[in-house]
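J.: Now for the letters of each chain:
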Amino acid sequence: MDKVKIIEAKESLLADNDKDADRLREEMKQQGTYYVNLMSSPGSGKTSSLKQIIARMKDRFRIGVMEADIDSDVDARTIAASGVDAIQIHTGGMCHLDADMSRQGLSAIGSEKLDLVFLENVGNLVCPAEFDTGADLNVVILSVPEGDDKPLKYPLMFEKADAVLINKIDAMECFDFSLDQVKANIHLRKPSVPVFPVSAAAGEGFEAFCSWLSGQIQKQKEGTRQS
Amino acid sequence: MHEMGIVYHVADEVEKIAAQNDICHIGSVTLQIGEVTGVIFDYMSDLWGWVSDKSSLLKGSRLLYEQIPAVTLCKSCGQRYSTVQSGRQCPHCGSWDTVLVQGNEYIIKQIEADS
Numbered sequence: 001m002d003k004v005k006i007i008e009a010k011e012s013l014l015a016d017n018d019k020d021a022d023r024l025r026e027e028m029k030q031q032g033t034y035y036v037n038l039m040s041s042p043g044s045g046k047t048s049s050l051k052q053i054i055a056r057m058k059d060r061f062r063i064g065v066m067e068a069d070i071d072s073d074v075d076a077r078t079i080a081a082s083g084v085d086a087i088q089i090h091t092g093g094m095c096h097l098d099a100d101m102s103r104q105g106l107s108a109i110g111s112e113k114l115d116l117v118f119l120e121n122v123g124n125l126v127c128p129a130e131f132d133t134g135a136d137l138n139v140v141i142l143s144v145p146e147g148d149d150k151p152l153k154y155p156l157m158f159e160k161a162d163a164v165l166i167n168k169i170d171a172m173e174c175f176d177f178s179l180d181q182v183k184a185n186i187h188l189r190k191p192s193v194p195v196f197p198v199s200a201a202a203g204e205g206f207e208a209f210c211s212w213l214s215g216q217i218q219k220q221k222e223g224t225r226q227s
Numbered sequence: 001m002h003e004m005g006i007v008y009h010v011a012d013e014v015e016k017i018a019a020q021n022d023i024c025h026i027g028s029v030t031l032q033i034g035e036v037t038g039v040i041f042d043y044m045s046d047l048w049g050w051v052s053d054k055s056s057l058l059k060g061s062r063l064l065y066e067q068i069p070a071v072t073l074c075k076s077c078g079q080r081y082s083t084v085q086s087g088r089q090c091p092h093c094g095s096w097d098t099v100l101v102q103g104n105e106y107i108i109k110q111i112e113a114d115s
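Residue numbers (the numbering used here), protein chains in the order written: chain A, 1 to 227; chain B, 1 to 115.
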C-alpha cells in the first residue's frame, strides 16, 4: 500500500443532522406549517393522545400526522379514522428518525397544505432524542405505569422536551406514582418545562395542553409576520 | 437499533467525502465516539461489514474508532469532572446545575484511501 492517502474529515454526524434540521425548520416556518415531534416509550399513549388533541384542534387547524414505526400501519389507520391526513413512515429497523427522513415524510404528506403536522416518532426514550427532526416543538409523553423515576433514567429525552404530558393519570391509584415527584424529576432535567397531566382514555386534561399548543403556534405566526 | 442509523449516516458521509476527493476505494474509516452516546461499537463494526459489502467504494474497508471521554462542567463551582464516574451531580460541590461539555459526539475523524 504505497499510495495510501489520509483525509482528515472531522465531520460531525450530529452537527450535520442539526444543520439539516435547522434548514427544514426554516422552510416549514416560511411555508406556514407548524411541526411537532411527539416522543415516548412504546405503549405510553402517543396515538390515543393524538386522537384527543386532533378532536380539539381540527376545526381550527388543517392537521396531518406522520406515524413512524419499524413496521405495520395500524397507527396511521387509527389516525386517518379520526378525519385528518395520515401517512406511515417505515424506518426499516431504525430506532429513530433524522432530519432527512423527516423532510421526506413532510413532502409525502403534502405539508404545504397543512397548518400543523405531528410526527409520532418511534416508541423509544433513548435514540429519538439524539436526532433533531427539524420540529418546532418536542413533546414527550410519560405514562403513569412507567414510573415517576423515568426522567432520571432517560435524561436526554427530558432535556429536549418543550412540554411533557403525563398520561394515564386515571390509573394513578394502582401505581406507586407521584405527580409532584415526576414534576420535580422532569424539572431537574429541564427547569420550567410545562407538564400537563392527562388521561387519553378518559379524554381529560387535553384542553390545557391544546390551548398552550395553540399559543405556541400563534407566537410563531406573529414572529414570522414581524420578521 | 441505534447503531444502524449511525452506520448509514457514516456510509453516506464517506461516499460524499470520497466523491469530493476523487477516491475510488476506502481502506478504513476512523470514528471518534463520545463515551455517553450509548452506542456499542462491536454492533457498529458488524453492521459496517454488512453495509460496506454493498458498496464498491467501501467493500472490504475497516471501521475503526477512538473514544472521547465524557466530561461535565459544574456551573456552580466551575470545575470539570468525569460524567461516567459522578453522573449529573457535581462531586466537588454537590450542585445539580451541570452541563455535559463533551462525550456525546459522533465524528468521522479520518478516512484512509487505498487507491
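Be careful, since some hints might not be right.
Claimed, not checked - The list that follows gives simulated cross-link-like pairs (lysine to any residue, SDA-like), each with its CA atoms no further than 25 Å apart:
#1 A:K19 with A:K153
#2 A:K153 with B:S76
#3 B:K54 with B:Q20
#4 A:K190 with B:C93
#5 A:K190 with B:T37
No lab work stands behind these hints, which were simulated from the structure alone.
J.: Look at each hint and say if it fits the structure.
T.: Each hint, compared with the structure:
1. For the hint linking K19 of chain A to K153 of chain A, the alpha-carbon distance of about 28 Å lies beyond 25 Å, and the restraint is violated.
2. With a C-alpha separation of about 23 Å, the suggested pair K153 of chain A and S76 of chain B falls inside the 25 Å cut-off, and the hint holds.
3. Proximity of K54 of chain B to Q20 of chain B is assessed by CA-CA distance (about 20 Å); at most 25 Å being required, the pair is judged to hold.
4. At roughly 20 Å between alpha-carbon atoms, K190 of chain A and C93 of chain B fall within 25 Å of each other, so this suggested pair holds.
5. Among the hinted pairs, K190 of chain A with T37 of chain B is consistent with the structure: their alpha-carbon atoms are about 20 Å apart, no more than 25 Å.
Violated hint: 1 only; the structure is consistent with all others.
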